[in-house]
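> Sequence:
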Amino acid sequence: MSHKKGSRFESPLEQQRKATLKQTLATNLSVLRRLDPCIAEILEMACHAVLYRFDMDTQGWEKEDMEGSLFVVKRTVEPLYRLFLLNRSGIENFALDLSKDLLLQVEGPYLMWKSLASDDILGLWIYKEEEHAVICKLVIDIVQDMPEDFPAPPPSDACGSPGSAILAMIGGGGGENS
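Residue 509, in the numbering used here, is where the sequence shown stops; the numbers in between run on with no holes.
For the record, the hints were derived by calculation from the structure and aren't laboratory data. All C-beta atoms in this analysis are idealised placements derived from N, C-alpha and C, irrespective of residue type, glycine included. Incorrect hints may have been included.
What the hints assert, rightly or not - Mimicking SDA-like on lysine to any residue, the simulated pairs with C-alpha atoms at most 20 Å apart in a straight line are:
| id | residue 1 | residue 2 |
| --- | --- | --- |
| 1 | 468 | 344 |
| 2 | 405 | 348 |
| 3 | 349 | 361 |
| 4 | 459 | 377 |
Stated by the list, open to error - Pair ranges (Cβ atoms, derived):
| id | residue 1 | residue 2 | range |
| --- | --- | --- | --- |
| 5 | 362 | 408 | 17 to 25 Å |
| 6 | 347 | 435 | 35 to 43 Å |
| 7 | 419 | 476 | 13 to 21 Å |
| 8 | 393 | 458 | 30 to 38 Å |
| 9 | 378 | 408 | 43 to 51 Å |
| 10 | 447 | 341 | 41 to 49 Å |
| 11 | 348 | 385 | 36 to 44 Å |
| 12 | 448 | 476 | 31 to 39 Å |
| 13 | 391 | 464 | 20 to 28 Å |
| 14 | 362 | 440 | 36 to 44 Å |
| 15 | 347 | 408 | 32 to 40 Å |
| 16 | 358 | 447 | 45 to 53 Å |
Input sequences plus hints: build the corresponding full structure.
See the structure below:
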């Protein structure tokens, strides 16, 4: 039996691809919830991203010892949205709370930001162009859609002690890891 293009039937290969993607997201969500039990869902992910810090003295970007899978997550408590970089290069992960005090800019394959509460300028290089485009749009939309009077919340430990490990890694500069 042949299937016409545009029919409701999916090929076995497409069904397998969707099942694999669903399983990968479930596994990643489980890993992320061990770090932060307040995570409700993964909104987007990139397979590989690298964190950079802008050096004011040299006026250049320096690669941090942070690279791995990047996630945009929604949480059940404030702050409601967070970027997570699961670090393959070390034992510390990176987390950035998305808030109205972030100045965001997209330049080429980079998503750059500066928190109004910090002098640090950080950037993420995202390997796959299509993942970069989707994540940059999502992060910018989240921050722009926050009400003007939306405060940059302090990190919350409302989900219990398992979340305190990741919260201890988040610096005071609007949720950036220092």
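> Please list, smallest to largest, the hint numbers that this structure does not respect.
Of the numbered hints given earlier, those the structure breaks are 1, 2, 7, 8, 9, 12, 14 and 16, listed in rising order.
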